[in-house]
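Same order as they appear, the protein sequences are chains A and B. Take the first sequence: its position 305, counting from 1, is numbered 304 in numbering that gives the first Met the number 0, and each next residue is one higher. Take the second sequence: its position 1, counting from 1, is numbered 0 in numbering that gives the first Met the number 0, and each next residue is one higher.
Note that these hints are calculated values from the structure, not bench results. Heads up, a few of these hints could be off.
Examples of chain B residues lying across from chain A (beta carbon under 10 Å, computed) [said to hold, decoys possible]:
1. 57
2. 70
3. 107
4. 116
5. 138
6. 349
7. 407
8. 423
Glycine included, every Cβ here is placed at the ideal spot set by N, Cα and C.
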Amino acid sequence: MTLANAVLAVIWFGVIAYAVFGGADFGAGIWDLLAGNPDKGERPRALLERSIGPVWEANHVWLIFVLVYLWTAFPEAFVSIMTTLYIPMMLAGIGIVLRGSSFAFRKWAAQLRYRRMFGIGFAAASLMTPFFLGTVAGGVASGRVPIGNAAGDAWTSWINPTSMLGGTLAVVVAAYVAAVLTARDAARSDEPDLASYFRTRALVSGVVAGMVAFAGIFVIRSDAPVLFSGLTDTYGGAVVLLSGVAGATSLVAIYLRKRQLSRIAAVVATVAILWGWAIGQYPWLLPDVLTIEQGAATDAVLVALLVAFVGAALLAVPSLIWLYTLTDSGALDTARPIRSDTSDALLQDLVAAGNETNLDD
Amino acid sequence: MRIEESVVEPLLAVVDANLYAARYQMAISLGFHIILASFGVAYPFFTFLAHYRGYRKRDVVGLRLAKRWSKAMAVLFAVGAVSGTILSFEMGMLWPGLMGPYGDVIGLPFALEGIFFFIEAIFIGIYLYGWNRLSARVHLFTLVPIALSGLAGSFFILTVNSWMNGPEGFTIAPDGSITDINPWAAMFNSGALVAWLHMLLAAYMMAGFLLASTYAVRWLRGNRSSVTRLGFLIPFTVAAIAAPLQVMVGDIAARALMERQPAKFAAMELLPDTRTRAPLTVGGIYVDGEVVGAIEIPLLGSLLATRDVNGEVPGLDVVPDGDVPPVNVVHIAFQVMVGIGTFLVILAGWFGWSWFRRRGPPESKLFWIGASSAGVLALIALEAGWTVTEVGRQPWIVWQIVRTSDAVSASTGIVASAIAISALYIVLGIVTIVVLRIIARRMDAGDDVHTPYGPSGTST
Ligand code: HDD
Ligand code: HEM
Ligand code: HEM
Chain A
0 MTLANAVLAV IWFGVIAYAV FGGADFGAGI WDLLAGNPDK GERPRALLER
50 SIGPVWEANH VWLIFVLVYL WTAFPEAFVS IMTTLYIPMM LAGIGIVLRG
100 SSFAFRKWAA QLRYRRMFGI GFAAASLMTP FFLGTVAGGV ASGRVPIGNA
150 AGDAWTSWIN PTSMLGGTLA VVVAAYVAAV LTARDAARSD EPDLASYFRT
200 RALVSGVVAG MVAFAGIFVI RSDAPVLFSG LTDTYGGAVV LLSGVAGATS
250 LVAIYLRKRQ LSRIAAVVAT VAILWGWAIG QYPWLLPDVL TIEQGAATDA
300 VLVALLVAFV GAALLAVPSL IWLYTLTDSG ALDTARPIRS DTSDALLQDL
350 VAAGNETNLD D
Chain B
0 MRIEESVVEP LLAVVDANLY AARYQMAISL GFHIILASFG VAYPFFTFLA
50 HYRGYRKRDV VGLRLAKRWS KAMAVLFAVG AVSGTILSFE MGMLWPGLMG
100 PYGDVIGLPF ALEGIFFFIE AIFIGIYLYG WNRLSARVHL FTLVPIALSG
150 LAGSFFILTV NSWMNGPEGF TIAPDGSITD INPWAAMFNS GALVAWLHML
200 LAAYMMAGFL LASTYAVRWL RGNRSSVTRL GFLIPFTVAA IAAPLQVMVG
250 DIAARALMER QPAKFAAMEL LPDTRTRAPL TVGGIYVDGE VVGAIEIPLL
300 GSLLATRDVN GEVPGLDVVP DGDVPPVNVV HIAFQVMVGI GTFLVILAGW
350 FGWSWFRRRG PPESKLFWIG ASSAGVLALI ALEAGWTVTE VGRQPWIVWQ
400 IVRTSDAVSA STGIVASAIA ISALYIVLGI VTIVVLRIIA RRMDAGDDVH
450 TPYGPSGTST
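Please model the entire structure based on the sequences and the hints provided.
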């Protein structure tokens, strides 16, 4: 494996992590959007918020990781993509700002109408951001990004069949993964009605995602020939098939309420789609114009990036695992009973013991 | 005359809407992000001090403050993270002529910074949601990685900026290609350490004075509770220690600049001609190659810059025609920064003196009025400092290597996005302040528990 391939593999690892973890956060926002009026939507929204609250910022960093690695290892491809696909990138960026800030603000809005306003900001941006990022993927995959400073078409580079496929697929897959994961969170926090609420949604969105992915094969065949021949000439097709099988498995598992299996299969299906894309497009960075080797930075830089990745693996990954373990076990779930040795408990004990008397306000 | 013309000419040559729109958009985005980023660097430390005191001394006040500050921290971090993300987009979208040829040279610090973004985001999630979930001890110490990764993250980003001001770690071959790239040498460039220290102190000063000033206002309004007192003392003390150090580091930075970027230095000091026994120019503007309306303090310019009244100081005449930065902007911004820095040192000195004499903050109302304004002033100084650095580097995006006009994107729609970003940030800035005030009010009323759509009675 060449150095450039190794770094690209690291980047792809980041893309997949962002698609799964970040995607689930976007999906949560999409279900928030679809949860109906404030009364009906109150409990699902509360559950969604509790599920993503502690993790969304960390999940978001995967995107930054990908961008930074891309511009360092493949600078020419990076600026070509960013300047040609300026419009959808900008819209995705605005979506990211709206989403994160609305999410943080919503907690504090006392009046329902403000809460709704921030809720809509958060939820609408959760739809918009993956959609536009998906159109970017489609623009790249279908070979619409030439090399150069804004060399491609500002509009058709992302308003085209493959981009629409990419955008739609990103949205439905995000919704599907989120529904699968949230169904499990609901079951864990003893809210069986919500578990079945999200189970239904997981089934529906899973079927839709499967249909979109299937239709996508035909879109790619006519609109992204380089990618399509890559898929048919190599074992990429087999990976796409694996995605289909995993997707079907997860649907059956959801139906049978095998929650652990459904989670794993849903993640495998998502990973396999991205993996299939990578194999299909190999060895092109930008189909037909720039290969991985041509686009790569010099070896010293690539080595430095791999060193940085080892640093990340040593420092960030254990912390990340701790965070996911805490959330996964429900230890950070605010709806669960309070332990007795926490900071909050300490504060309450002190107040109860009368230490508050020194507060003269 | 000569110099003024040369400022106008190249600008006319590149009357290119994209250049202005892109610079403006970059300035807005960075100017916004840096405020939040500084909070991200310094705020966890203040929270740690309060929380640690609360935990060790079983002190209600410390714990109360830590809890209160953690609520604000959640909002500030969220806005900081998303505003930073847009910046990483913009580096590529707006400046392909920087990121295309040099993205690989300066990518390493960004990649390393990512590690610390992860750590910061992970532990902030755990701390914020751990108030009634983790053991009190573990919970307290989750603040430590947050504070440390703020230090590390700011170092890495500053290495990039100081590289733009003094590029190292590569060679340009005769055919124009970039060879011998050494990303480690580029990262550990010779300006990085001073720039980082100066930025770090600025972050502690801005966040500290700003946080303290909210309590100073309460104090002026007659609220002398122990919460107000401690809430003032913790951040103010840290910022007051940073203030004199900042002037020292700033002085080192300025003298280094004389060697590294004489054009910026001359603009900062508003000195038309290279000379010995140079005066210090206070105020004044530069019109047609002449300094108008300035107060000149004899010899001080040379003394400060070279530690010798006979020392030679570079003037704007060392700068080739066409490469002179916008002199007035740089000079005014520099004076604002230094003026505020001096004021803050005096304020800190007053506080220190009073503490030395009577173990308490000054009683004088004047002090409290000063303290109430210190936060906003520190913020202005920080923005002014960045204006010096960035505008003073013009017309180069990478000092003497890449011109900003050669780096800018050719995409259509940059003007539109610059407008959209401005509108977004104006609204976002206002809403952030409103939400922070709501948090303060709600915490005052003892109503810290509220999940938006949550089952009644649960807390975050
Ligand atoms: C609270 C904020 C604050 C205060 C009080 C000061 N500074 Fe500053 N200064 C900054 C905040 C700042 C900054 C915003 O953080 C900058 C921009 C880039 C950087 O690294 O720091 C900066 C840049 C900066 C530069 C430009 C460096 C370059 O372009 O390479 C110089 C020469 C100084 N400062 C000098 C001073 C001096 C002599 C001060 C004495 C009073 C001073 N600063 C106070
Ligand atoms: C965070 C604090 C910063 C602030 C407030 C800031 C401020 C500014 C301002 C005011 C400009 C416009 C100057 C002009 O065009 O006349 C600018 C330009 C720019 N800055 Fe900074 N800057 C900051 C840090 C950085 C850092 C750390 C980087 C790089 C990693 C950077 C990269 C740029 C670039 C690429 C431009 C556009 C080109 C140019 O006009 O020079 N800035 N910044
Ligand atoms: C001197 C200037 C800067 C400093 C000191 C700084 C520091 C920080 C800090 C401490 C954070 C995390 C805290 C928070 O989330 O609020 C942050 C977030 C971020 N910054 Fe900056 N930054 C600077 C400029 C820049 C520039 C020029 C870029 C991009 C080119 C950038 C990209 C980011 C990104 C992507 C994030 C989000 C990370 C996350 O999701 O947690 N920053 N910055």
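Quick rundown of the hints versus the structure:
Interface restraint check for residue 57 of chain B: the shortest CB-CB distance to chain A comes to about 6 Å, inside 10 Å, so the restraint holds. At about 8 Å, the closest approach between the beta carbon of residue 70 of chain B and any beta carbon in chain A falls short of 10 Å, and the interface hint on this residue holds. The beta carbon of residue 107 of chain B comes within 5 Å of a beta carbon in chain A, closer than 10 Å, and the hint placing it at the interface holds. A least Cβ separation of about 5 Å between residue 116 of chain B and chain A falls short of the 10 Å threshold, and the interface hint therefore holds.
Hint status for residue 138 of chain B: holds, given a least beta-carbon distance of 5 Å to chain A, under 10 Å. A cut of 10 Å between beta carbons decides the hint on residue 349 of chain B: the least distance to chain A is about 25 Å, and the hint is violated. The beta carbon of residue 407 of chain B comes within 9 Å of a beta carbon in chain A, closer than 10 Å, and the hint placing it at the interface holds. About 6 Å separates the beta-carbon of residue 423 of chain B from the nearest beta-carbon of chain A, less than 10 Å, and the hint is met.
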